[in-house]
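Chains A, B and C, in that order, give the protein sequences. Counting from 482, one number per residue, gives the positions in the first sequence under our numbering. Counting from 3, one number per residue, gives the positions in the second sequence under our numbering. Counting from 211, one number per residue, gives the positions in the third sequence under our numbering.
Hints in this document: simulated from the structure, not taken from any laboratory. Treat the numbers as computed from the prediction; the structure is a model and nothing was measured. Idealized CB from N, CA, C, for every residue including glycine. Do not take every clue at face value.
As the list claims (entries may be wrong) - Have a look at the derived ranges for each label pair, beta carbon to beta carbon:
1) B:Gln-66 - A:Gln-762: 52 to 58 angstroms
2) B:Leu-48 - A:Asn-895: 30 to 36 angstroms
3) B:Asp-41 - C:Val-326: 45 to 51 angstroms
4) C:Glu-446 - B:Asp-41: 48 to 54 angstroms
Claimed, not checked - Short, incomplete list of chain C residues facing chain B, as computed with Cβ under 7 angstroms:
5) Gly-241
6) Asn-245
7) Leu-262
8) Asn-263
9) Arg-348
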Amino acid sequence: MDLTRAKIRDLRCALDEKKISAAELCGEYLKRIEEQDKKLLSYITVTKEKALFDAEKAQKLIDSGKSLPLTGIPLAVKDNICIDGVKTTCASKMLENFVPPYNATVIEKLNAEGYVLLGKASMDEFAMGGSTQTSAFAKTKNPYDTERVPGGSSGGSAAAVAASLAPAALGSDTGGSIRQPASFCGVTGIKPTYGRTSRYGLVAFASSLDQIGPIANDAHDCAIILNAICGHDRHDATSSKTAVPDFTEKLGLPVKGMKIALPKEFYSDAIDGDVKQSVLQAAKELEKQGAILTECSMPGLKYAIPAYYLIACAEAASNLSRFDGIKYGFRGEGRTYGELIVDSRNKGFGEEVKRRILLGNYALSSGYYDAYYKKALALKQEIIKEYNEIFDACDVILTPTAPTPAYKIGAQDNDPVKMYTADICTVTVNIAGLPGISTTCGYTENGLPIGMSVIGKRFDEQTVLQCADAFEQVFSPAAPKL
Amino acid sequence: MAVDMKTIEHLCGLSKLSYDEKGMEKVMGEMGDIIDLMDEIKDFDLEYDDTKDGNEIRFSDTRQDVAEGSFAPEKLLANAENTDGCYVVPKVVE
Amino acid sequence: MSAFYPTMGLEIHAELLTKSKVFCTCSAEFGGTPNSRCCPVCSGMPGTLPVLNQKAVEYIIKAGYVMNCDISRFTKWDRKNYFYPDLPKAYQISQMPRPVCLSGNVKINVNGEEKVIRINRIHLEEDAGKLVHDDVNRISLADYNRCGIPLIEIVTEPDFHSSDEVIAFMEKVKLLLQYAGICDCKMEQGSIRCDVNISIAPKGSSELGTRTELKNLNSLKAISKAIEIEIERQQEVIESGEKVIQETRRFNEAAGETLAMRSKEDAHDYRYFPDPDIPPIIFTEEELEEIRNSIPELPEQRVERYVNSLGLKKADADIIVGDKRVCDFFDEASAAYDNPKAIANYIVGELTRRINLGEADMDALKFTGAEFARLVELLQTDKVSQSNAKIILGELIENGGSPDKIADAQDLWIKEDSDLLAKVVDEIIANNPKPVEQYKNGDQKVFGFFMGQANKALKGAASTKAIQDYLRKKLSE
Numbered sequence: 482m483d484l485t486r487a488k489i490r491d492l493r494c495a496l497d498e499k500k501i502s503a504a505e506l507c508g509e510y511l512k513r514i515e516e517q518d519k520k521l522l523s524y525i526t527v528t529k530e531k532a533l534f535d536a537e538k539a540q541k542l543i544d545s546g547k548s549l550p551l552t553g554i555p556l557a558v559k560d561n562i563c564i565d566g567v568k569t570t571c572a573s574k575m576l577e578n579f580v581p582p583y584n585a586t587v588i589e590k591l592n593a594e595g596y597v598l599l600g601k602a603s604m605d606e607f608a609m610g611g612s613t614q615t616s617a618f619a620k621t622k623n624p625y626d627t628e629r630v631p632g633g634s635s636g637g638s639a640a641a642v643a644a645s646l647a648p649a650a651l652g653s654d655t656g657g658s659i660r661q662p663a664s665f666c667g668v669t670g671i672k673p674t675y676g677r678t679s680r681y682g683l684v685a686f687a688s689s690l691d692q693i694g695p696i697a698n699d700a701h702d703c704a705i706i707l708n709a710i711c712g713h714d715r716h717d718a719t720s721s722k723t724a725v726p727d728f729t730e731k732l733g734l735p736v737k738g739m740k741i742a743l744p745k746e747f748y749s750d751a752i753d754g755d756v757k758q759s760v761l762q763a764a765k766e767l768e769k770q771g772a773i774l775t776e777c778s779m780p781g782l783k784y785a786i787p788a789y790y791l792i793a794c795a796e797a798a799s800n801l802s803r804f805d806g807i808k809y810g811f812r813g814e815g816r817t818y819g820e821l822i823v824d825s826r827n828k829g830f831g832e833e834v835k836r837r838i839l840l841g842n843y844a845l846s847s848g849y850y851d852a853y854y855k856k857a858l859a860l861k862q863e864i865i866k867e868y869n870e871i872f873d874a875c876d877v878i879l880t881p882t883a884p885t886p887a888y889k890i891g892a893q894d895n896d897p898v899k900m901y902t903a904d905i906c907t908v909t910v911n912i913a914g915l916p917g918i919s920t921t922c923g924y925t926e927n928g929l930p931i932g933m934s935v936i937g938k939r940f941d942e943q944t945v946l947q948c949a950d951a952f953e954q955v956f957s958p959a960a961p962k963l
Numbered sequence: 003m004a005v006d007m008k009t010i011e012h013l014c015g016l017s018k019l020s021y022d023e024k025g026m027e028k029v030m031g032e033m034g035d036i037i038d039l040m041d042e043i044k045d046f047d048l049e050y051d052d053t054k055d056g057n058e059i060r061f062s063d064t065r066q067d068v069a070e071g072s073f074a075p076e077k078l079l080a081n082a083e084n085t086d087g088c089y090v091v092p093k094v095v096e
Numbered sequence: 211m212s213a214f215y216p217t218m219g220l221e222i223h224a225e226l227l228t229k230s231k232v233f234c235t236c237s238a239e240f241g242g243t244p245n246s247r248c249c250p251v252c253s254g255m256p257g258t259l260p261v262l263n264q265k266a267v268e269y270i271i272k273a274g275y276v277m278n279c280d281i282s283r284f285t286k287w288d289r290k291n292y293f294y295p296d297l298p299k300a301y302q303i304s305q306m307p308r309p310v311c312l313s314g315n316v317k318i319n320v321n322g323e324e325k326v327i328r329i330n331r332i333h334l335e336e337d338a339g340k341l342v343h344d345d346v347n348r349i350s351l352a353d354y355n356r357c358g359i360p361l362i363e364i365v366t367e368p369d370f371h372s373s374d375e376v377i378a379f380m381e382k383v384k385l386l387l388q389y390a391g392i393c394d395c396k397m398e399q400g401s402i403r404c405d406v407n408i409s410i411a412p413k414g415s416s417e418l419g420t421r422t423e424l425k426n427l428n429s430l431k432a433i434s435k436a437i438e439i440e441i442e443r444q445q446e447v448i449e450s451g452e453k454v455i456q457e458t459r460r461f462n463e464a465a466g467e468t469l470a471m472r473s474k475e476d477a478h479d480y481r482y483f484p485d486p487d488i489p490p491i492i493f494t495e496e497e498l499e500e501i502r503n504s505i506p507e508l509p510e511q512r513v514e515r516y517v518n519s520l521g522l523k524k525a526d527a528d529i530i531v532g533d534k535r536v537c538d539f540f541d542e543a544s545a546a547y548d549n550p551k552a553i554a555n556y557i558v559g560e561l562t563r564r565i566n567l568g569e570a571d572m573d574a575l576k577f578t579g580a581e582f583a584r585l586v587e588l589l590q591t592d593k594v595s596q597s598n599a600k601i602i603l604g605e606l607i608e609n610g611g612s613p614d615k616i617a618d619a620q621d622l623w624i625k626e627d628s629d630l631l632a633k634v635v636d637e638i639i640a641n642n643p644k645p646v647e648q649y650k651n652g653d654q655k656v657f658g659f660f661m662g663q664a665n666k667a668l669k670g671a672a673s674t675k676a677i678q679d680y681l682r683k684k685l686s687e
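Only chain A is shown next, with the shape it has when bound in the complex:
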């Protein structure tokens, strides 16, 4: 069976029609991983035995005619999502040997569908970065050009899907970590509304911004995974009780009359010409299908980067304090408790993680709190307000996903400011807690994918998916040649 860019719904048919067994399917993917992933390093851990065990279990469900949409479907899971008994490293030396004793809620939900775990996908250390080059174990390469980054932080998940080393994967998105790598790797990824998926079991980076979501070959497959993983969870007080619809429901409906807003600040000179042109062309295509394009403005965008980094790092500094070498993770040396902690953290954390912890503590420390952290919270309220005003007059917003296509490995090394400002297109969506999807809208001359983002109203993933899907119907993606 040709697995190149195979869709979940096609695999579903093949499994249900017994054209292939769950074990065979998972075996094919494992074989591809074994052959190809040496070049890409998209996985940190490949769970071969568990995968085959999961597949056998899934087959029984299929054989008894009780298969669910994800029964027997192999998936990769970002390595910051806890799976009972499976090493969860967050791509950090700090958690090199950490084996969680419990499952994240999204994993429980996938288990209930009978999914098959292929392995844990690489990422930036503790999801802090946009290149997957801060991973302590697998600095993933872009399948379209292995000298380039796959984006990040869910770079392993995106690269694995792009290279057909998994039909789909789970990622997490704090400031663009699903959408930006999806765009760099030419696949589709959605960050759901904040509160749509449970964060229980997702190793926290920034709790008020983090959200788990799927990366897949198209919007339709993303919708299928969302159907499985969304919903209120009693273990996560920030998960919403808003009713979960069938996310595939509006797929295929015409976008005629859909109002698409283009905020002018997202099309400034800070965005590559190629990227801008490609996204605007996609907008024209949607217009051709009957959508109504409008221009709008988001003045708060100019403060978005500091607002995002102050909030995210403040929360991260606190979230990452628990890594002290005592309860789990890397244990350094020291005669006293104080010495032991400092040594464990010095050796366990990478440089970018340390910088963000320092920044977070700076923003929260006495004397700076009002000027930085509190100001960032004020900005958050302003950005929410501006989005609300835009959505008063439109259904979705269309922006580039990243200012550039995938850049060369090493291009942003030792330049945190450059790294941070590259997140400009994605962070406001997290700040406002909105759903946002990135799908491929074109390729550069060199064949690098360009992504566009469709942003929707809170809990309106359906319209976001509908819009992305409408574009995908007329767009021919090009799989990478490895």
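Let chain A serve as the given structure and place chains B and C on it in line with the hints.
Same frame as chain A, now just chains B and C:
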């Protein structure tokens, strides 16, 4: 720029991190640049009102007080240096 | 007389009597083998999230009402960040700018004078774990069973100027929390703890001196002692021309001294910020009203009811209400036998005396209120004598059981056997011609002598009244 050695040392204390002399030099430069970027927010002059976040829940949405089973200690301690069912810490002086 | 005047404020931590912990579903019971009441949430595993216990919120609202606080309609939780091995997440979930309760007050009575202590705030937070130090191996062992037990922190204004006032306040707060049913207030188990902020200033000075914070005060006696010692220490510091340093000091009861603590040195900047894992809560007036209405009868109302409706003496009512366990016992007994005055008398006169002697323990009584009530009833209805009632009570304390069966087994009933009574009393009169003579000459005091002799000889087989009646009759013959 605006970040001196003393500030970085204070932040290291709060963060439980430390740098050698060379590392300190480097991180001071990087943090200076980062804080310059963050300083852009100072131009924004609206106040934060914590009652207007709109993320509050109702009292009735909180968890009912029901005790459920705990975890086996050995399962919780599996990732830790432990003895007598406890986590081992270098001696703490009070 | 000292030239200095002390000023104190308290921070009281009380553990709430919820079934589960405040942010996870582990049992909130005291003790347990180390780390047996833990889960990924309360042991701070990566990826876990806190989910707030409704009962804990209800209880702190009750605490606020019994201390006359304003209850915030909007409340939220913050993280207090510091590293310590008993705090697995390296932050404590607490409340900073928006506590549940603000500005209350509690009336206390010190040496007959009433005084009002102002409450600054009460907030809800989680308890930390416990460390056991192993000096031999130079390690500490961390047990997280206590992590996540719900705590309220009651912060008073600096309204105290003597240790007597502090003790009176602590006693009052303990009663209020116990009667509200939200804390068992066992200082020895640490379910209520008190830190004292203390400073001294020259008499007449309007400014407060530099304060120190006293910790590790495990009993009311320790609080009182530590305050006296710390006042003395601060005086010596000032008199020797030095300055009091703002610091946390640990009371060492055995050594009778307070010592500066080293462990909290770098913990001054707690970097409080709103916990993004716990949404703020809004209350409706109806919800608050419902909680307020569910508060059980409080000590002052109880005393009033016992005096006005049950006819108890104020002093007796005060004693009974002064210990929630005794009070509950009284209610149980009164429900079984409708003679509250007699039950109160016997509790105050006999039961509390034995408790004070250490013969009985309210936490481990072997008999029920109903059994105690039966004993009082037997006494009141002349089924057993005063002295035999004491024997039965002794047996109840020792081994428990039913008063009737004890009386059966030990033959302690009043027999109303007139022949036996006549025989015994006649004999006493015959053997004591001199006192008989005295009585007949109008010396009423000797009547007591005859009663004593008769009681002794009859061993409770006749009622006091029967003996009195027969004696009077015979002596007047």
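Structure-based check of all given hints:
Judged by the Cβ atoms, the range 52 to 58 angstroms given for Gln-66 (chain B) and Gln-762 (chain A) holds: they are separated by roughly 54 angstroms. Restraint check, Leu-48 (chain B) to Asn-895 (chain A): a C-beta distance of roughly 35 angstroms satisfies the suggested window 30 to 36 angstroms. Remark: the range hint 45 to 51 angstroms for Asp-41 (chain B) to Val-326 (chain C) is upheld by a beta-carbon distance near 49 angstroms. Look at Glu-446 (chain C) against Asp-41 (chain B): about 50 angstroms separates their beta carbons, and that is inside 48 to 54 angstroms.
At its closest, the beta carbon of Gly-241 (chain C) sits 13 angstroms from a beta carbon of chain B; the interface hint therefore is violated under the 7 angstroms criterion. For Asn-245 (chain C), the suggested interface contact is upheld, since its CB lies about 4 angstroms from the closest CB of chain B, less than 7 angstroms. Hint status for Leu-262 (chain C): holds, given a least beta-carbon distance of 5 angstroms to chain B, under 7 angstroms. Given hint, Asn-263 (chain C) at the interface with chain B, holds; its Cβ is 5 angstroms from that chain's nearest Cβ, closer than 7 angstroms.
Nearest Cβ of chain B to the Cβ of Arg-348 (chain C): about 5 angstroms, under the 7 angstroms cut. The hint holds.
The structure fails hint 5 only (numbered hints given earlier).
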